[in-house]
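Enquirer: These are the residues of each chain, in order.
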Amino acid sequence: MSELRWNPIACDGRGLCAELLPELIGTDDWGYPIVSAAPVPEHLRRAAQQAVAACPRFALSLISPRVEE
Amino acid sequence: MLVTVTDHPGGGRVSEVPTGTRIGDLLRVGAAPQAVLVGGYHGAWLPGPLALDLPLVDAALRPYGATRGAGVLAALGPDRCGVTETARVADYLARESAGQCGPCLNGLDSIAAALGELAAGRQPQLRNHIERWAGLVTGRGACHHPDGTVRFVRSALRTFAAEFDAHARGRCTAGNRQPLLPVGRP
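Each protein sequence line maps, in turn, to chains A and B.
When we follow numbering that gives the first Met the number 0, the leftmost residue of the first sequence carries the number 0, and every step to the right adds one.
When we follow numbering that gives the first Met the number 0, the leftmost residue of the second sequence carries the number 0, and every step to the right adds one.
Hint data in this document are derived by calculation from the structure and do not stem from the laboratory.
All residues carry an ideal CB built from backbone N, CA and C; glycine is no exception.
Be careful, since some hints might not be right.
[Stated by the list, open to error] Cβ-to-Cβ under 10 Å is the rule here; a few derived chain B residues that face chain A: (1) Gln99; (2) Cys100; (3) Cys103; (4) Leu104; (5) Asn105; (6) Gly106; (7) Arg131; (8) Trp132; (9) Leu135; (10) Val136; (11) Ala141.
Build the full structure now, drawing on both the sequences and the hints.
Expert: Below you can see the structure in the form of structure tokens.
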């Protein structure tokens with residue numbers, strides 16, 4: 000099962016990800032995403048892919064823990 | 000190990016001491032300090048009576064939220080204000096943010112501004128916001144500058160709780176207003 004990874008340097012706080020995937024992404028006081036560290040459940044997979052694709056800063060990605068390291 | 004000890008304004012002497020030296024043996028203050036900053040600006044304030052008897056080894060410091068860090072020690076005399084010193088350093092640390100990550104850039108700025116208000120005896124409700132903002136900043140930068148800064152600020156909230164209370168009532172108990180800790184340009 001894959002996980003979301005957030006790049007805080009690339010992120011500009013545009014907020015599209017939190018709108019598309021509120022189940023796993025909240026926002027802080029300044030509009031930057033607070034991304035759940037939990038694995039993305041299967042029923043949210045498509046929404047997660049949309050959130051990743053919608054980020055204008057390429058700051059969000061879906062990673063598979065098996066591939067990592 | 001090398002230590003840098005600051006116990007008076009403009010001070011800051013570097014010496015080589017055996018690891019595990021008692022912190023009290025490294026300080027030269029007339030009166031017992033009310034607090035000692037252990038580990039530098041990413042370190043932690045510890046109450047004076049506790050800190051003086053601790054050896055300078057991480058295993059002994061960790062239970063109190065501190066480590067040797069950069070080997071920097073600063074002793075805050077009983078006539079000084081820990082809230083004001085913390086606000087000055089937090090402002091410096093906020094300005095030192097590389098500005099790359101939103102939570103650090105915005106969060107440290109919010110925390111530093113709130114500490115400035117509290118130091119001036121204004122807006123006591125901001126004390127609760129600082130704890131919340133600290134949580135929003137921790138672990139959310141590409142580097143650990145926000146984490147270290149929050150460790151320092153949280154230790155001040157604990158160690159200077161009584162002085163924060165006094166500031167919430169609009170008064171500072173310090174008799175000596177001369178800044179102690181160096182913060183680059185003021």
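Enquirer: All hints, please: hold or fail.
Expert: The hints, checked one at a time:
no. : hint   : result
1   : Gln99  : holds, 5 Å
2   : Cys100 : holds, 4 Å
3   : Cys103 : holds, 8 Å
4   : Leu104 : holds, 8 Å
5   : Asn105 : holds, 4 Å
6   : Gly106 : holds, 7 Å
7   : Arg131 : holds, 8 Å
8   : Trp132 : holds, 7 Å
9   : Leu135 : holds, 5 Å
10  : Val136 : holds, 9 Å
11  : Ala141 : holds, 5 Å
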